[in-house]
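Asker: Residue-level listing of the chains:
Number of protein chains: 2
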Amino acid sequence: MADAPTAEVVAALRADLLSAVGTAGLLEPEDFETRSCDPFRPVPILSPFVARPANAEELSAVVKAAIAHGFRIVTHGGRTGVAGGAFTRPDSIVVSLERMNRIEEISDVDQIAVVQAGVPIQALHEAVEARGLFYPVDLGAKGSATMGGTIATNAGGNHVLRWGMTRANLLGIEGVLADGTIVSSMNRLLKNNTGYDLKHLFAGTEGTIGIVTRAVVRLVPLPTTQSVAFVAVESMAKVLRLLNLARAMPALSAFEVMWRDYYEMVANSGTGRRPLEPGHDYHVLIESLGNDPEADEGAFERFVQRASDEGLIADGVVAASERQRRELWHVREASEVFVSEFGTFVSFDVSAELNAIERMVEEAYAALRARFPEVRGGTFGHLGDNNIHLGITIGEDTVARTAEIEEIVFDVLARYQGALTAEHGIGTLKRDFLRKYKSEGELAAMRRLRDAFDPDRRLNPDVML
Amino acid sequence: MADAPTAEVVAALRADLLSAVGTAGLLEPEDFETRSCDPFRPVPILSPFVARPANAEELSAVVKAAIAHGFRIVTHGGRTGVAGGAFTRPDSIVVSLERMNRIEEISDVDQIAVVQAGVPIQALHEAVEARGLFYPVDLGAKGSATMGGTIATNAGGNHVLRWGMTRANLLGIEGVLADGTIVSSMNRLLKNNTGYDLKHLFAGTEGTIGIVTRAVVRLVPLPTTQSVAFVAVESMAKVLRLLNLARAMPALSAFEVMWRDYYEMVANSGTGRRPLEPGHDYHVLIESLGNDPEADEGAFERFVQRASDEGLIADGVVAASERQRRELWHVREASEVFVSEFGTFVSFDVSAELNAIERMVEEAYAALRARFPEVRGGTFGHLGDNNIHLGITIGEDTVARTAEIEEIVFDVLARYQGALTAEHGIGTLKRDFLRKYKSEGELAAMRRLRDAFDPDRRLNPDVML
Numbered sequence: 001m002a003d004a005p006t007a008e009v010v011a012a013l014r015a016d017l018l019s020a021v022g023t024a025g026l027l028e029p030e031d032f033e034t035r036s037c038d039p040f041r042p043v044p045i046l047s048p049f050v051a052r053p054a055n056a057e058e059l060s061a062v063v064k065a066a067i068a069h070g071f072r073i074v075t076h077g078g079r080t081g082v083a084g085g086a087f088t089r090p091d092s093i094v095v096s097l098e099r100m101n102r103i104e105e106i107s108d109v110d111q112i113a114v115v116q117a118g119v120p121i122q123a124l125h126e127a128v129e130a131r132g133l134f135y136p137v138d139l140g141a142k143g144s145a146t147m148g149g150t151i152a153t154n155a156g157g158n159h160v161l162r163w164g165m166t167r168a169n170l171l172g173i174e175g176v177l178a179d180g181t182i183v184s185s186m187n188r189l190l191k192n193n194t195g196y197d198l199k200h201l202f203a204g205t206e207g208t209i210g211i212v213t214r215a216v217v218r219l220v221p222l223p224t225t226q227s228v229a230f231v232a233v234e235s236m237a238k239v240l241r242l243l244n245l246a247r248a249m250p251a252l253s254a255f256e257v258m259w260r261d262y263y264e265m266v267a268n269s270g271t272g273r274r275p276l277e278p279g280h281d282y283h284v285l286i287e288s289l290g291n292d293p294e295a296d297e298g299a300f301e302r303f304v305q306r307a308s309d310e311g312l313i314a315d316g317v318v319a320a321s322e323r324q325r326r327e328l329w330h331v332r333e334a335s336e337v338f339v340s341e342f343g344t345f346v347s348f349d350v351s352a353e354l355n356a357i358e359r360m361v362e363e364a365y366a367a368l369r370a371r372f373p374e375v376r377g378g379t380f381g382h383l384g385d386n387n388i389h390l391g392i393t394i395g396e397d398t399v400a401r402t403a404e405i406e407e408i409v410f411d412v413l414a415r416y417q418g419a420l421t422a423e424h425g426i427g428t429l430k431r432d433f434l435r436k437y438k439s440e441g442e443l444a445a446m447r448r449l450r451d452a453f454d455p456d457r458r459l460n461p462d463v464m465l
Numbered sequence: 001m002a003d004a005p006t007a008e009v010v011a012a013l014r015a016d017l018l019s020a021v022g023t024a025g026l027l028e029p030e031d032f033e034t035r036s037c038d039p040f041r042p043v044p045i046l047s048p049f050v051a052r053p054a055n056a057e058e059l060s061a062v063v064k065a066a067i068a069h070g071f072r073i074v075t076h077g078g079r080t081g082v083a084g085g086a087f088t089r090p091d092s093i094v095v096s097l098e099r100m101n102r103i104e105e106i107s108d109v110d111q112i113a114v115v116q117a118g119v120p121i122q123a124l125h126e127a128v129e130a131r132g133l134f135y136p137v138d139l140g141a142k143g144s145a146t147m148g149g150t151i152a153t154n155a156g157g158n159h160v161l162r163w164g165m166t167r168a169n170l171l172g173i174e175g176v177l178a179d180g181t182i183v184s185s186m187n188r189l190l191k192n193n194t195g196y197d198l199k200h201l202f203a204g205t206e207g208t209i210g211i212v213t214r215a216v217v218r219l220v221p222l223p224t225t226q227s228v229a230f231v232a233v234e235s236m237a238k239v240l241r242l243l244n245l246a247r248a249m250p251a252l253s254a255f256e257v258m259w260r261d262y263y264e265m266v267a268n269s270g271t272g273r274r275p276l277e278p279g280h281d282y283h284v285l286i287e288s289l290g291n292d293p294e295a296d297e298g299a300f301e302r303f304v305q306r307a308s309d310e311g312l313i314a315d316g317v318v319a320a321s322e323r324q325r326r327e328l329w330h331v332r333e334a335s336e337v338f339v340s341e342f343g344t345f346v347s348f349d350v351s352a353e354l355n356a357i358e359r360m361v362e363e364a365y366a367a368l369r370a371r372f373p374e375v376r377g378g379t380f381g382h383l384g385d386n387n388i389h390l391g392i393t394i395g396e397d398t399v400a401r402t403a404e405i406e407e408i409v410f411d412v413l414a415r416y417q418g419a420l421t422a423e424h425g426i427g428t429l430k431r432d433f434l435r436k437y438k439s440e441g442e443l444a445a446m447r448r449l450r451d452a453f454d455p456d457r458r459l460n461p462d463v464m465l
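Sequences listed follow chains P and L, in order.
Anchor point for the first sequence: position 175 equals 175 in full-length UniProt numbering, and the numbering is continuous, going up by one each time.
Anchor point for the second sequence: position 178 equals 178 in full-length UniProt numbering, and the numbering is continuous, going up by one each time.
In isolation and in its complexed conformation, chain P is listed as follows:
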């Protein structure tokens, strides 16, 4: 990492940034003392400036100013990412898209929205809900997470099984490259094979190829029916058979699996989240979202009945009210129980083939236990889209030995061709693991792509690879 720039260089940069974005667009250290680059702990901004462009042209001028004075650029969206993608350094400036927070257009007929990068997901949800529409990307951090940030990281969330990740809901993009070039490819059409599809340069590349300024996203009809079941299942084979039955419902929107360690921890936590007696190996939450009360409820009931007839369900409950649906989801979303039960823990966001998941999880715990006999864990996930989360603690040494814990789990995962990160991304924190577990051919292709668009590593220089 370079030395901190001299006061003279900083002053010259300041003048150029001011002429690019004006006083309203420039924050100085006293303005961002309390901003953190991490959602869970204070990680201060080390940059001398946060530039807040109002449009792509201003951002282009900011990028050129940074280059002229030898600075790098770190992009900030809602700073909700957990992979350290927003971490800064003294020779970087921060670009925040927070002033580009306008929903420019919502089309009822075409069911699309045109948004600026700084729009929080929840703001889009609220705006389109009033028109009977829904933006299918939905995640815990939606109040702060922005459209630009979730596009750059290809965010997942609760409905991937039905509507795909962010990339699948993205139609067009406008962004700025590392040399200040503005690329506008604001496609509004579901079907368009006119040239390379440039949005994939921006989606999921974590701000290393370009900075997203605007986007066109597709919307879907706002679901008006919701069915939720919570069932106990005796084996992973039966869980997978249940998933196959559930997939035949086109309205299926979630298939969430909790391992025994997770469910017993939540059920015994004293928080009252105990819809079923513990004692089974797996619990599954199944949800469908639709628009036809008559058809949807009947289809869901027939699915549950069929699963029951096939002997897949050892115990179960179907929510009969909005309150019950929320309560069942609340069992699955119990991260604060991890905090109260484990204190500190290492959180994994991995994915693996359904065929391999049972063995992979067993072997990961066996390998952890061989090294740390005191290990405890909680295991759950959006199984329907291959994603599982593990929370692992070895007690008070957990933080100090995070790297060892990660390496043990990733070694097992690599044997099963699993993914290091299903939805959180690489950022700065998983970089070393990416280098270790990805094939040489893939790394070389990634480097070649990055070098083509940012040979001097101006954008998010410590992110990805």
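FYI, nobody ran anything at the bench for these hints, they're computed from the structure.
Careful: at least some of the hints might be erroneous.
Intra- or inter-copy, both count: the list cannot distinguish identical chains.
Below, computed lysine to any residue pairings styled on SDA-like, alpha-carbon distance capped at 20 angstroms [stated by the list, open to error]:
#1 Lys436 <-> Val43
#2 Lys64 <-> Pro373
#3 Lys238 <-> Val109
#4 Lys238 <-> Ser107
Assemble the complex: chain P is given as a structure, and chain L must be docked to it using the hints.
Answerer: Chain L only, in chain P's frame:
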């Protein structure tokens, strides 16, 4: 275009190709005399060799041999593309993936298939149907079109509205770059944010970034119910309202619109395809595909009833049997009526926003009529995914004046931000139009990407841009 290579160079190339792929892997001119590079007319292969590698390693050796002797490479899949993407030149060799035609694996649990590039779509359909599964990409040329070719061109087809284009059904890829590097990124997971998603280098780039050798695709449950309605609608505003109603059915799989010119031509063609009396401005075919006979039929009936109650349907029929469903689809798939009625015609595969489609089509015909008073056309399309097709004739001058006809339509389309090609791609035939109608920023980004992976234009040199 370069001169034809000398006999000596060809002989040296031949020796290297033979050592790369063996005699079974090498075709010489007498072997491919009858092969055409175009599905509708004879376009001979001008290359001295067709190399047929059996795997990525052999393909890598073929690419290196071609480079060593100064040859380019044109990739052949099923040669069903209509954009001239398979056209050759004397200083190119052809790579055909036809010997890589094995379905390597089908996983019922994970609902994925691992295929080699030369597998025809229909072969995959048949193999997975036996397991109760379906590969959602379905198109007229599926008997010949290959997985590799449809990935390279991001093929669309009949079910885009429900399951997306080829890209959306692609999980992982293996391919060979222009320098012979093998990139293996055979992801099998729905959710995976581990690094850049390299499949987008291959999908939709028409073989200009790399050559697809293998892929992992997702499958869905084989639909067991099909509902089809065919209705007459009095205005585009009502067609669009009908589409919005239909979209609320999660099982909706097609929404196909026929303009009056198209429907009257088919209905009056004497082929018996006349489910409703002509005389309305639009006819719409709506289809849903599902797996729950009880729910699906009821939901479809309620949709039709609601549309009728809202006054959207002037006349209509719902298919009551498999035969009737086929007959209704047959009205929509009447390209041979174009041939019999028009003789020669220019075929357009464009897309435009729903909001703009009515005006765009009217203005296109007005502009054509101003230049060619004798113009006739047939207009229809997969409206639900923005895609419309126009078949345009001006009589016996049609072929000679194709470029003028295209320019008139594309000029109108450009004013409405439409797409030159929704699903067929750019190939060699739409290249000049791409250069004219795409923004400078987009073209520059495309060039930069191509240059990064194929600076000497070894792969499909005349394709795209």
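Asker: So, for every hint listed, does it hold in this structure?
Answerer: Now the hints, each set against the structure:
1. For a Cα distance limit of 20 angstroms, the shortest separation of Lys436 from Val43 qualifies neither inside one copy, at 26 angstroms, nor across copies, at 49 angstroms.
2. Proximity of Lys64 to Pro373 under the C-alpha cut-off of 20 angstroms is found in neither arrangement, the shortest distances being 54 angstroms within a copy and 53 angstroms between copies.
3. In the homo-oligomer, the alpha carbons of Lys238 and Val109 lie at most 20 angstroms apart only across protomers (11 angstroms), although the nearest pairing inside one protomer, at 43 angstroms, exceeds that limit.
4. Proximity of Lys238 and Ser107 under a CA criterion of 20 angstroms is satisfied inter-copy only: 16 angstroms between copies versus 43 angstroms inside one chain copy.
Of the numbered hints listed earlier, those contradicted by the structure are 1, 2.
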